[in-house]
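Participant: Sequence:
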Amino acid sequence: MPRVVLIRLLLVAVPFVVWFIWSAWARRTGRAMGSTPYAWLLAAGALLVGLSLAATVVFHSDNRRERYVPGEVRADGSVSKGYFTPAPVSPKTAPR
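Going by our numbering, the sequence shown wraps up at 96, each residue one higher than the last.
Quick caveat, the hints were computed from the structure, so don't treat them as lab data. Keep in mind that a hint or two might mislead.
Label pairs and their calculated CB-CB ranges [said to hold, decoys possible]:
#1 R3 x P70: 16 to 26 Å
#2 P37 x I7: 18 to 28 Å
#3 V57 x G77: 14 to 24 Å
#4 M33 x K81: 46 to 56 Å
Think of the CB as a built atom: it goes at the ideal place given N, C-alpha and C, for glycine as much as any other residue.
Go ahead and model the full structure; you've got the sequences and the hints to work with.
Facilitator: This is the structure in structure tokens:
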């Protein structure tokens, strides 16, 4: 979970980093710079986050027809990982 949040924060930061690098380069070459367009940069970051969320939905595996088996505490105190197993087919449910 922290990794996912960090990735989204980095996506918000990308337009700001690109803008400030371009701004520094433009000042060095003598180009006149206006004020920093914070609203546009934030909108671009929000667009990147939205696209990443949409990509997550599209490319993430589907586990709706699987049953989750939670992790268990073993006798030695370690915890096993949870996993998905295929759900048993009910005779009332028609296969798709």
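Participant: Would you mind marking each hint as holding or not holding in the structure?
Facilitator: Evaluated hints:
1. R3 x P70: 16 to 26 Å: Distance hint for R3, P70 holds at roughly 21 Å.
2. P37 x I7: 18 to 28 Å: Holds, at about 24 Å.
3. V57 x G77: 14 to 24 Å: Given range 14 to 24 Å: violated, Cβ gap about 37 Å.
4. M33 x K81: 46 to 56 Å: 52 Å, holds
The structure fails to meet hint 3 from the earlier list, while all remaining hints are met.
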